[in-house]
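This is what each chain is made of:
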Amino acid sequence: MTILSYLKALNRAVADEMERDPAVCVFGEDVRVAVTNVTAGLVKRFGEERVLDMPISEQAFTGIATGAAMAGRRPLIEYQIPALLFIAFEQIVNQAHKFSLMTGGQISVPVTYLIPSSGSRDGWAGQHSDHPYSLFAHVGVKTAVPATPADAYGLLVTAIRDDDPVVVFAPAGAMGRRADVDLAQLAPIPLGVGRIHRPGTDVTVVAIGHLVHDALEVAEELSGTIDVEVFDPRSVYPFDWQGLAASLERTGRLVVIDDSNRSCGIGGEILATAAEQMRLVAPPKRITRPDGAVLPFAEGLDRALQPTREQLRHAIHGVMKAGATG
Amino acid sequence: MPGSVAPASASAASPSPDPAALYRTVRLIRRFEERAVELVRAGEVFGGIHPYTGQEAIAAGTCGALRADDLITSTHRGHGHVLAKGADPARMMAEIAGRATGLNRGRGGSMHAADFGVGILGANAIVGAAAPIATGAAWAARCAGSDRVVVTYFGDGAVSQGVVLETFNMAALWRAPVIFVCENNGFATTTRTQDAVAGSITGRAEAFGIPAERVWGMDPEAVYAATARAVARARSGEGPTLLECETYRYDAHHTWEHAARPRYRTPEEVELGRSVDPLDIQGARIDAGVRARIDAEVDVLLDEAVRFALESPRPDPATALDFLYADGTTARAGAL
Ligand SMILES: Cc1ncc(C[n+]2csc(CCOP(=O)(O)OP(=O)(O)O)c2C)c(N)n1
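Order-wise, the sequence lines are chains A and B. Oh and the first sequence: position 38 is 38 in the working numbering, straight run, nothing missing. Counting the second sequence from 1 gives a position; the working numbering is that position plus 1000.
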């Protein structure tokens, strides 16, 4: 077994795929010296033809990746900050994502969009702290949010091999994670297949990205009084609805913890789908950022808008009580 | 399969233009647009079209100077480019009419017509958005060792889009084999070019070190000659060129304009603009008998195209989300 960090897992996934498939190339700002470390060592191994530093022109290089993909390459773009997705949104959503349908299936666009350190990072304030995975799920772009090093490796490999555009969010809160893994066991992980990190019988907690680790800690604290199942969908689009339904068959109670904004966020979608189609013995609850949140600079303010373990504990107790009386 | 574009072709473009072939393309586009407008009026086209009438010399001249395996991207006013590059007029007409037999199986319509088999990477309805896509394809083609070039068309309106200027910068830095063809028809919808473009269009490219040329866009042979020079530059690794083709749009911005009738140009101005006709300019260069034969052939072809389109089935609504994902991922229904 080896200790593998989340960051190293991303780096390894990109390197392995570049090794396996010469069509894979990397676009991004400062990727040659690897300021984020995700692309460390790649220029040395694969040359400057396959690891390209880009000007500060997110719209253009996102569109260039689309064209390159149409001509046979499989670009992976690294964005330095999640907010750049808003600049590139046109080229991802309106162009890359729509091409397959609009052309009647003549072409698909195999580009991977990787956002290392998405979400709140200390002191980065309003324009650097977004975590916009729900937006991509809303428009139907395949979107993964891995929580662990092995999942980061497996989902990124899958994204690169996928023939459609895929966005991979690596939450800032998960980037420092390390795990003891058998490197030989690292493998692609399909999109749309969730993972039960901890089985339980009383309540299902759906946690996304780094919040999986918070959920596991809370579940541990509560063990003995409440038996919590922690379900990590791993990709928010496609979503593992079957896996969730199976979990709710066992528990009948649902809490979602999701680091995106409340209104029209994936948390709302999970609650709605469960309410429409799955077994619930108590009204479900969700913990999210507030509606339309912009994370303020001051530490206390930033933290005040993010989902917390305290809120999760409270919500779990709430659904247990409602289930008991209802 | 992702990344499949037109097969490589051995045939090089002719070093000098074939006047009859250029005339035929202009005539084909003109008649195609006229027949398409008839279908719009008859209610057979859902939504309408942006007619290319008046601008045909640009599509004919540029595509005439390309090889079959070169690539193009097009615009909301894209029928001419798509036809000139070699798409089947019948399947193009069927696409506009939203039929299952269309180039895009009825999923794209007028503004998204694509035919990867003949090197058309899609018409694009977002002004300026195809410029980086073309540049990416050009870059990837060169990396793959081919000497293909890519032509990307856009209007004068697009030169105020940031993404186009970002793309100029990168195409120049990389010496990408891409040719930027700006069709300056004097208007972006109703806004005059001089009211929207500070400085000059050629100057914008020149600022990035991209050679730029103004071309009389009513003359197919002038466009052909300028394109041939740009193609030679691109194939020999010297990088991008911008061609600003001056032209005139005969018809409304879009067929809805006949209903809304916005006033932005006088009837006199339109009459003057229409008095210069690429059909006449190119037609005068060929034998009258040849011209008459081409006209007749094109009419037969388009009768057949319209018949094919109208007799073709409409796509099954149950398949409305087919082709969204390459691997067949299915989207959940909106209602249960
Ligand atoms: C980015 C963007 N903004 C606005 C529109 C709406 N629109 C469609 S065509 C058009 C005018 C484009 O003018 P120009 O580029 O000169 O091309 P032309 O219509 O003259 O061929 C506009 C504003 C759009 N499609 N995309």
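Don't read these hints as lab results, they were simulated from the structure. As the structure is a prediction and not an experimental result, all values here were calculated from the model. The C-beta atom is built at its ideal place from N, Cα and C for all residues, glycine as well. Errors might be hidden in some of the hints.
[Stated by the list, open to error] If you only want the chain A side, here are some residues facing chain B, beta carbon under 8 Å, derived: (1) Gly63; (2) Ala71; (3) Ser263.
Hint by hint, here is what the structure shows:
1. Gly63: holds, 3 Å
2. Ala71: Holds, because the Cβ-Cβ distance from Ala71(A) to chain B comes to roughly 4 Å (cut-off 8 Å).
3. Ser263: Cβ of Ser263(A) sits 19 Å from chain B, so the hint is violated.
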